[in-house]
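Peer 1: On the provided structure of chain A, position chain B as indicated by the hints.
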Amino acid sequence: MLLPVWVLLYLNLERMADLLIYSLLGLKEGSHFTQALWFFVFEVPKVMLLLVLVIFVVGIIRSWFSPEKTRKALEGKPLFAGNVMASVLGIVTPFCSCSAIPLFLGFVEAGIPIGVTFSFLIAAPLINEVALVLLIGLVGWEVALIYVATGLSIAIFSGFIIEKLKLQRFVAHWFFQIQANQKNNEEAKLVFTERINSGFTAVKEIIGKIWIYILIGIAVGAGAHGYVPEDFLGELLGERNWYGIPLAILLGIPLYSNAAGIIPIVSVLMEKGVSLGTALAFMMSVIGLSLPEIIILKKVLKWQLIAVFIGVVATGILVVGLIFNFVL
Amino acid sequence: MEIKILGGGCANCKRLEKNTIEAVSELNLNATVLKVEDFQEIMRYGVMRTPALVVDKKVVSSGKVLSSEEVKALLIQPV
Chain A
614 MLLPVWVLLY LNLERMADLL IYSLLGLKEG SHFTQALWFF VFEVPKVMLL LVLVIFVVGI
674 IRSWFSPEKT RKALEGKPLF AGNVMASVLG IVTPFCSCSA IPLFLGFVEA GIPIGVTFSF
734 LIAAPLINEV ALVLLIGLVG WEVALIYVAT GLSIAIFSGF IIEKLKLQRF VAHWFFQIQA
794 NQKNNEEAKL VFTERINSGF TAVKEIIGKI WIYILIGIAV GAGAHGYVPE DFLGELLGER
854 NWYGIPLAIL LGIPLYSNAA GIIPIVSVLM EKGVSLGTAL AFMMSVIGLS LPEIIILKKV
914 LKWQLIAVFI GVVATGILVV GLIFNFVL
Chain B
43 MEIKILGGGC ANCKRLEKNT IEAVSELNLN ATVLKVEDFQ EIMRYGVMRT PALVVDKKVV
103 SSGKVLSSEE VKALLIQPV
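If you read the protein sequences in the order shown, they are chains A and B. If you want my numbering, it's the 1-based position in the first sequence plus 613. If you want my numbering, it's the 1-based position in the second sequence plus 42.
So that you can see chain A by itself, here it is in the shape it has in the complex (with noise of 0.2 Å):
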């Protein structure tokens, strides 16, 4: 009963904006002020309602799954075609980087790869709903497509990597002592009206968290829109310079933001001349690389083990931007 107010709601944005810009407030068309201000009221709800809808759908969906499915899902699947399961289940296992340590152990414990349980690893933050609807929101569907896409293709094949390198040694000593002590503990079926919960409460929790950073994020691309010329940066991190990527990786590992922060950054970073490639990969730095996850890790990964691990996670990222820039 919800949905056909969302989608009058959504068809009407434009119209809304322009009403309380033009005709309510009276602005004129054409000035930085009014450009920014009605990219502003206009992106918030529009973000704001693919927010709600993709979240409420996701939350349903990830009811169906937990670590503990997909962890016997994965048990003895060979190597490749388990990199491609482990990446796919990572973007619908619901999943908390503070429970990668818990998750890392339960699965190399049943068994599966490290390769496989790396690319679980890096698939479950790198492709992320609410970064997907920003970028359909801000961007368009072409360009998040390509994200999934890529995104995927990472993880896969880092995972892969990984495991062929056969860094096990490097996990912490103290691991292999414990005994399988990994009960599978009893999940109760949910009916499906809890499933709708979970999507309300999905909703609830994760725009509880991160509006404040949609509304600043798409403040400062409001301001970027109405009042940086385009193409400005088009000269410095545009196609032709080399140093784009790596420059815009290096900055985006140490940066730790969520999703919803940066992506109308991103969004206007293109708008003003960044190539795709450059902007996918800043992107996908920032998000796939987390700072908090690796001081985790750290805790029962050596340090070669993360090094090798957020060097063929980058690499993974610097070959797609490069892919974008020159090939396409």
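Among the hints, erroneous ones may be present.
[As the list claims (entries may be wrong)] Which residues of chain B face chain A? A partial, calculated answer using Cβ under 7 Å:
| # | residue |
| --- | --- |
| 1 | Phe81 |
| 2 | Met85 |
| 3 | Val89 |
[Claimed, not checked] Under the rule of at most 20 Å between Cα atoms (straight-line distance), these lysine to any residue pairs were calculated in the SDA-like manner:
| # | chain 1 | residue 1 | chain 2 | residue 2 |
| --- | --- | --- | --- | --- |
| 4 | A | Lys912 | B | Ala53 |
| 5 | B | Lys77 | B | Arg57 |
| 6 | B | Lys56 | B | Val78 |
| 7 | A | Lys682 | B | Val101 |
| 8 | A | Lys682 | B | Lys106 |
| 9 | A | Lys817 | B | Ala53 |
Note that these hints are calculated values from the structure, not bench results. Ideal Cβ placement from N, Cα and C applies to all residues, glycine included.
Peer 2: Positioned in the frame of chain A, the structure of chain B alone reads:
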């Protein structure tokens, strides 16, 4: 009653701890509440998702930040 909160130290785990302490005090229970951050010990309970709540050595919840109401409901149940 011995209550343990298993978690690696992120914000969610701290919230569960806070809610649990609140629930215990509201129920006026004679219980100790401990936070376990060491992963070796966490692993021994067999949980794959943190934060997790352990009451008298039994895992009653994992992967969810329970509200103090939800914790109270769990504590009242005969284990």
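Peer 1: For every hint, state whether the structure bears it out.
Peer 2: So, going through the hints one by one against the coordinates:
{"no.": "1", "hint": "Phe81", "result": "holds (5 Å)"}
{"no.": "2", "hint": "Met85", "result": "holds (5 Å)"}
{"no.": "3", "hint": "Val89", "result": "holds (6 Å)"}
{"no.": "4", "hint": "Lys912(A) to Ala53(B)", "result": "holds (18 Å)"}
{"no.": "5", "hint": "Lys77(B) to Arg57(B)", "result": "holds (11 Å)"}
{"no.": "6", "hint": "Lys56(B) to Val78(B)", "result": "holds (11 Å)"}
{"no.": "7", "hint": "Lys682(A) to Val101(B)", "result": "holds (18 Å)"}
{"no.": "8", "hint": "Lys682(A) to Lys106(B)", "result": "holds (17 Å)"}
{"no.": "9", "hint": "Lys817(A) to Ala53(B)", "result": "holds (17 Å)"}
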